[in-house]
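A.B. asks: These protein sequence lines are chains H and G, in that order. When the letters of the first sequence are read in order and numbered with our numbering, they come out as residues 1 to 115. When the letters of the second sequence are read in order and numbered with our numbering, they come out as residues 1001 to 1132.
One or more hints might be untrue.
[What the hints assert, rightly or not] Now the in silico label distances, taken between C-beta atoms and shown as ranges:
| # | chain 1 | residue 1 | chain 2 | residue 2 | range |
| --- | --- | --- | --- | --- | --- |
| 1 | H | 79 | G | 1094 | 30 to 40 Å |
| 2 | G | 1094 | H | 50 | 45 to 55 Å |
| 3 | G | 1070 | H | 6 | 36 to 46 Å |
Bear in mind the hints are in silico, worked out from the structure with no lab data behind them. A virtual CB, placed ideally from N, CA and C, is assigned to each residue, including glycine.
The lines below spell out each chain.
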Amino acid sequence: MTQVPEQARGVIALDPVACTSCMICVRECPDWCIEIDSHTEEVTEPGARRPRFVAVLDRFAIDWGLCMYCGICVEVCPFDALFWSPEHDYPASEPGGLVQETQRLADWLPSVPQR
Amino acid sequence: MSVYAVADAPGIRVHVADLGMACCAVEFAAALGRGLLVEAPDDGEPSARVLVVSGTVTDVLAPSVLAAWEALPAPKAAMSFGACSNTGGPYWDSYSVTKGVDQVIPVHSYVPGCPPRPEALIDAIVELAASA
Ligand code: SF4
Ligand code: SF4
Ligand code: SF4
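Make a model of the complete structure from these sequences and hints.
C.D. replies: This is the structure we're talking about:
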């Protein structure tokens, strides 16, 4: 990969542990290029008065073929789950090859400059 | 069409037909301006012939893109450079924008970005030359 400044907006990394599947990024993205699937699980904690319901992330995908790298998703995420990384060398060789799923997005995390 | 050498990969000489259709084309100029790509003499077989479509393709212009692709002698490859030519990008909902240049010509490399960096152009050229 040809070197670029570390603050370059090359790709967006996802921290799937921090993501609460709140869908705010999905709804704010001007290109509609984020897709999320999630489900709710009931959690009963000892001593609690009633069970809690938590959202569990099943799928987080970004279509880099569509993304305009505006950073709105990074800005609006209330849970600090999205980060800019300078990695830019990920061309695809087939249509749809730029749709990247949770694990691939999480794999960019170590390349995020400061967190 | 011009012949370029990649500054960081001395063995690679590419014939590039640059179809600059919108803002992404500026990054092609930036790659030249910064010396990442340098013009080379047109002697002998190139490592690859690449049509670089950078920018917004509209339905009106699509036939010209096809003509440019057909005019390029084989062996050749096409690069879609940037969100607009990849999928329509920010204009995904526009009536007049082609939703991906791959509806018109075969694409061998889709480079993400709006615009992609000049470095991404270089990396994609090197990859296309290696697989040619
Ligand atoms: S950077 Fe902009 S276009 Fe890309 S996923 Fe985030 S909000 Fe959508
Ligand atoms: S805004 Fe943040 S926490 Fe909410 S779904 Fe998007 S990435 Fe996850
Ligand atoms: S992808 Fe972005 S920078 Fe490139 S031509 Fe389209 S709008 Fe312009």
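A.B. asks: Next step is simple, just say for each hint if it's right about the structure.
C.D. replies: Status of the hints after comparison with the structure:
The supplied range of 30 to 40 Å is met by residue 79 of chain H and residue 1094 of chain G, whose beta-carbon atoms lie about 33 Å from each other. Our hint of 45 to 55 Å for residue 1094 of chain G and residue 50 of chain H holds, since their Cβ atoms are close to 49 Å apart. Taking 36 to 46 Å as the suggested C-beta distance range, the pair residue 1070 of chain G and residue 6 of chain H conforms, at roughly 42 Å.
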